[in-house]
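Q: Now for the letters of each chain:
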Amino acid sequence: MTAVLAPGSTKPHHKQALGVRFSGLGRSFGSSGDRRIVLRDVTVEVKPSEILAILGTSGCGKSTLLRAAAGLDIPDSGEVLIDGTPVTGIDERCAVAFQEPRLLPWHTLQANVAIGLPKSSSASAGKAKVLELLKLVGLDAFAKHRPREVSGGMAQRTSLARALARNPGVLLLDEPFGALDALTRIKMQDLLLDIHRAQPTTVLLVTHDVDEALQLADRILVLGRGDADEPGSTIAELVTVPGARPRDRNSADLGALRSSLLSLLGVTGH
Amino acid sequence: MSAEYVTPISKEGLEATGFPVPAPAAKGNGGRTRLRGGRRVGVVLLGLIVPALILLAWHLSTASGYFRPSQLPSPASVLAAAVDLVQRGQLANHILISTQRVLLGFLIGSLLGVLAGALLGLSRIADILLTPTVGALRAVPSLAWVPLLVLWIGINEDSKVTLISIGAFFPVFTTLYLGLRHVDRNLVEAARAFGLNGVRLLTTVQLPAVVPALFSGLRLALAQSWLFLVAAELIASSMGLGFLLTDSQQTGRVDRIILAIILLAVIGKTTDALLGIAERWAVRRWA
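Order-wise, the sequence lines are chains A and B. Residue 7 in the numbering used here sits at position 7 of the first sequence, and the numbers go up by one each step. Residue 57 in the numbering used here sits at position 57 of the second sequence, and the numbers go up by one each step.
FYI, nobody ran anything at the bench for these hints, they're computed from the structure. This one's a predicted model, so the numbers in the text were calculated from it and none came from an experiment. Errors might be hidden in some of the hints.
[To be verified] Heads up, simulated SDA-like pairs for lysine to any residue below, C-alpha to C-alpha not over 20 angstroms straight-line:
| # | chain 1 | residue 1 | chain 2 | residue 2 |
| --- | --- | --- | --- | --- |
| 1 | A | LYS119 | B | LEU196 |
| 2 | A | LYS135 | A | GLY178 |
| 3 | A | LYS119 | B | THR203 |
| 4 | A | LYS119 | B | LEU187 |
[Claimed, not checked] If you only want the chain B side, here are some residues facing chain A, beta carbon under 8 angstroms, derived:
| # | residue |
| --- | --- |
| 5 | LEU207 |
| 6 | PRO208 |
| 7 | ARG219 |
| 8 | TRP286 |
[Claimed, not checked] Take a look, some chain B residues computed to stay more than 10 angstroms from chain A by CB distance:
| # | residue |
| --- | --- |
| 9 | LEU56 |
| 10 | TYR66 |
| 11 | GLN71 |
| 12 | ALA126 |
| 13 | ASP158 |
| 14 | GLY198 |
| 15 | VAL205 |
| 16 | VAL211 |
| 17 | LEU220 |
Where is the CB? At the ideal position from N, CA and C, for every residue including glycine.
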């Protein structure tokens, strides 16, 4: 399971990590008569190579924010800038891993990972890269298996490998470990940190799991109502997580931060 | 392959006599494969029980004189009618021309069905513009086209193949159209997120996703093709199994009528079984 990243064995095959800036982002859904504002005035700067966790209650617009960065959704107001240039559609510089693996059931894991390759890559280089990534996520022995022949955790690792195949300047993770069992989730979090250490790309991680955010993120952005009494979510809190990774899951600092984050999310008494 | 067919029959024979048969699971993988092959042969054999009983009842009811030969000829006389037609060199012609008409009409109709289903299933504008029209055309009972086809195209091969094509078109069109509209949105979105669009999105995600649905549409279309063949041949033809039916009705040859019906059942079932094999392969490959 644990991918061993021997120094020098993996070429630095990612593009340079890119900074992301959300600037006055707003999004509402529904027709003009029945409009529901989901996001308002989200402005935040994410540094290259940073891991930013986006926390929030369900339905607060976490995924909408991520989808705006991927170019899968067009905001009503404001914009997303990656490396200084605005996102106008599906963006080559980003790669997404969703909550569900979303693999093509008729393809092998290898072929599914190859979907993520950038258009420009040659066939032989692409194949080598796919095999390397499958090895990285510990699935080289399952390259020829179909998604339904492997476990949920393995499918999710394949989905992660597919995102990495894109050489992303920004890696967008939409609750990628949310549907996994607790043990597999911890292993996946360690794998993500291994990958990030070897190839430090910028990561936006949407999650509803406070502990996951505390383990993985440099900073945590909490989406919520904020101070103003207006509809829609905005940045309720933006905190830097103390300590270098890997962090002790039981440290007192993190415990205090966990309590304050939970109360921001409306859970008190923990 | 031959071992798969021979072994299980004898094994089931043993079981039928109450002879203890060793559990196949103990034999490992080879034994399991053989059992599966054996099950399939067993299923086929069980499926033949009812036809065999019908044949027996048919034979007994005619041999006992319960039915007069002019009402229901015996199995033997139907067989004799078949041999007679073969010796005259007519039966093969009837079968071949009917099969040719069905296959041509099926191919043309299902090809057009695939094209139209893909267009309306994928393009929102085409869907809005054309779906009401296609729906109305589908509501026209198929035989209503016959007078028009005869006037426009004439009484020839083309009008028959056209009628069969109409019959084959709608099942393929409908299943593909609905299949494409219900392709998992999450899969399509994920593929789009990785830069797939247009033709590549179609060939990578949307078409593979509807292959199983397409094959069930094709099987329905083939059944429809045989239905429309008989309709076309009953109305105007000088050859084919449908013609054999009308011609025998006029000459009072019940034995030939029954022969034609049996042939339609056997050939129809055979073509359906062949397509069924292709469907099973496709479902394994794409589902």
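Q: Could you run down the list of hints and mark each one as holding or not?
A: Okay, the hints, checked on the actual structure:
1. LYS119(A) with LEU196(B): 9 angstroms, holds
2. LYS135(A) with GLY178(A): Status violated; Cα separation ~23 angstroms.
3. LYS119(A) with THR203(B): 16 angstroms, holds
4. LYS119(A) with LEU187(B): Holds: LYS119(A) and LEU187(B) sit about 19 angstroms apart, inside 20 angstroms.
5. LEU207: 10 angstroms, violated
6. PRO208: Holds, because the Cβ-Cβ distance from PRO208(B) to chain A comes to roughly 5 angstroms (cut-off 8 angstroms).
7. ARG219: 20 angstroms, violated
8. TRP286: Since the shortest Cβ distance to chain A is 4 angstroms, the answer is holds.
9. LEU56: 46 angstroms, holds
10. TYR66: 56 angstroms, holds
11. GLN71: 55 angstroms, holds
12. ALA126: Consistent with the label, ALA126(B) stays out of reach of chain A, its closest Cβ about 23 angstroms off (over 10 angstroms).
13. ASP158: 39 angstroms, holds
14. GLY198: Correct as stated: the minimum Cβ-Cβ distance to chain A is 12 angstroms, above 10 angstroms.
15. VAL205: 7 angstroms, violated
16. VAL211: 8 angstroms, violated
17. LEU220: 23 angstroms, holds
Hint violations for this structure: numbers 2, 5, 7, 15, 16, all remaining hints satisfied.
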